[in-house]
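Student: Could you put the whole structure together from the sequences, leaning on the hints where they help?
Chains as they are written, first to last, in the numbering used here: chain A, 1 to 307; chain B, 1 to 117.
No lab work stands behind these hints, which were simulated from the structure alone.
Pulled a few chain B residues facing chain A out of the computed Cβ check, cut under 8 Å:
1. N2
2. N22
3. R23
4. L33
5. Y36
6. M38
7. I54
Only a predicted model underlies this, so the values are computations on that prediction, with no experimental measurement involved.
Think of the CB as a built atom: it goes at the ideal place given N, C-alpha and C, for glycine as much as any other residue.
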Amino acid sequence: MSKVSQVTRLQELVYELEIAEVMTRDFLSVTPQMTMREFKEFLQEHRFSGAPVMEDGELVGIISIEDLIEALAAGELGCLVEAKMTRDPVVLKANDLVVRSVDYFGRFGYGRFPVVDDQGAIVGVLTKGDITRGLLRKLEVEYHQEEIRRARVNHIFDDVSSDHTSISLRYDVEARNFERGGRASRSIKRALKRFGLPRQIVRRAAIATYEAEMNVVIHADDPGGVITAEIQPDQIVIEAIDMGPGIPDIDLAMQRGFSTAPDWIREMGFGAGMGLKNIDRCADRMELLSPHGTRTTLRIVIYMDER
Amino acid sequence: MNVDDLCRELQLEIRAGRRKLNREVTHGYAADLLSYAMARARPGCVWVTLQGHINVVGVASLTEAAAVVITEGLEPDAATVEKAEEEGIPILTTELTTYTTVARMVELGIPGVDEVE
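Tutor: Listed below in C-alpha cells is the structure:
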C-alpha cells in the first residue's frame with residue numbers, strides 16, 4: 001500500500017501559485033503629504049484597513065488603520081501621513097510563491113504587503129483576503145478542468161463498447177542507453193496526468209515505472225525490452241518485459257541492497273539494490289516472473305481508487 | 001526559503017532551471033544512489049548529490065524535487081543541463097563538499113526528509 005504522504009490540493013496550491021496571480025493589481029495608494037484626517041476619509045470611503053504610500057510612482061512607506069487609531073488617540077489628525085507611516089516596509093516579490101506570503105503574514109503580523117517586481121517597482125498589494133480569493137478562484141478553475149478531463153476519459157471508457165476496454169501505451173527500452181533512460185516513465189507520467197488521474201496515483205506509477213525501466217536499461221540483454229502501461233477503468237497495469245538474461249534467484253533479488261549491477265553502472269548511482277523495493281512500495285500488486293532464468297516479466301498493478 | 005534564497009545563502013552557481021528558482025524548499029536530502037533518492041526525495045526537497053549525469057534530472061523530475069545541488073565542484077554533463085532546462089529543474093553547483101553543503105542547509109533551518117511527517 002502507498003506510504004507516500006497525502007497533502008490536500010489547497011496545501012499544494014500555496015506552493016504552486018505565484019503572488020502575482022493572487023495580488024490586487026489595481027490598488028489605491030495615498031501620498032505622504034495627505035493628512036491623517038484625509039487618510040481616515042480614504043479608509044472610510046474604500047473600506048480598506050491600510051494602503052501603500054507612494055510619491056512620484058515610488059513606494060515610500062505603508063500606513064494602516066493602527067497608525068490612524070494612534071493618531072486619533074493622540075489628537076494628531078492634522079499630522080501628515082509621512083510622519084505616521086512605516087518607512088522601508090517589508091515587501092514581497094511578485095514571482096515569489098504564495099507560501100512565502102503566508103509565512104510573512106504570520107511572522108510580521110501586518111495586514112497587507114506591497115508587492116514589487118525584480119526591479120523593486122511596486123506592482124500590487126497583497127492581503128490575506130487576496131490569498132483566499134486567489135486560492136478559491138484557482139480551485140474553481142481546476143475543478144472545471146478536472147470535470148472536463150474526467151468526462152473525456154470516462155467517455156473513452158463509456159462510449160466504446162467492448163468486454164474489456166483499456167488504453168495501452170508501449171515504449172521500447174534500449175539496454176545500457178542511460179541517455180534515454182527514464183523516457184518511458186516520463187511519458188507515462190505525462191499521459192496519466194492528462195487522463196486526470198489523482199496526483200498520488202500518478203506519482204506512484206511514475207516512480208514504479210522509472211525503477212522498472214532502469215532495471216531493463218541496466219540488466220537486460222541487447223537490444224533491451226519493452227515497457228507497457230495499460231490504463232483500465234479501475235487500475236493501471238505496468239509491465240516491463242525483456243528477453244534475458246533472467247533472474248536466477250528472485251528472492252535474493254528482492255532483498256534490499258542486493259544488486260548485480262557492474263561497477264561502471266554503480267558509479268552513476270544505480271545498482272543500490274533498492275529498485276524492486278521501491279516498486280513494491282508504490283504498487284498495490286507486484287509480480288516478478290523469470291521462468292527458466294531467461295525472459296523477465298515484471299508486472300505492477302496500481303488501483304485507481306486510493307485505499 | 002525558496003531556491004533563489006538558497007542560492008544566495010550558499011553562493012551556489014546556477015547551471016539550469018533559472019525560471020523555477022521561486023520554488024519553495026520544504027526539506028533536504030543527500031545521497032548519490034539514485035534508487036534511494038527515488039524512494040526518499042519528495043516534492044519540494046533539495047537533493048544534494050555528487051552525481052552529474054542526466055539520470056539525476058529524471059529522478060528529480062519524477063520525485064518533483066525543487067532543485068539539485070551538485071557538490072565538490074563537479075560540473076553537470078551538457079545533456080543534464082539541457083534536460084533540466086526542459087524539465088524546469090534547477091541544477092546548482094558548489095565547490096563545497098556534500099557534508100558542508102548539508103550542514104549549511106541545516107543552519108538555514110531546512111529539515112531532512114526523515115524529520116518531517
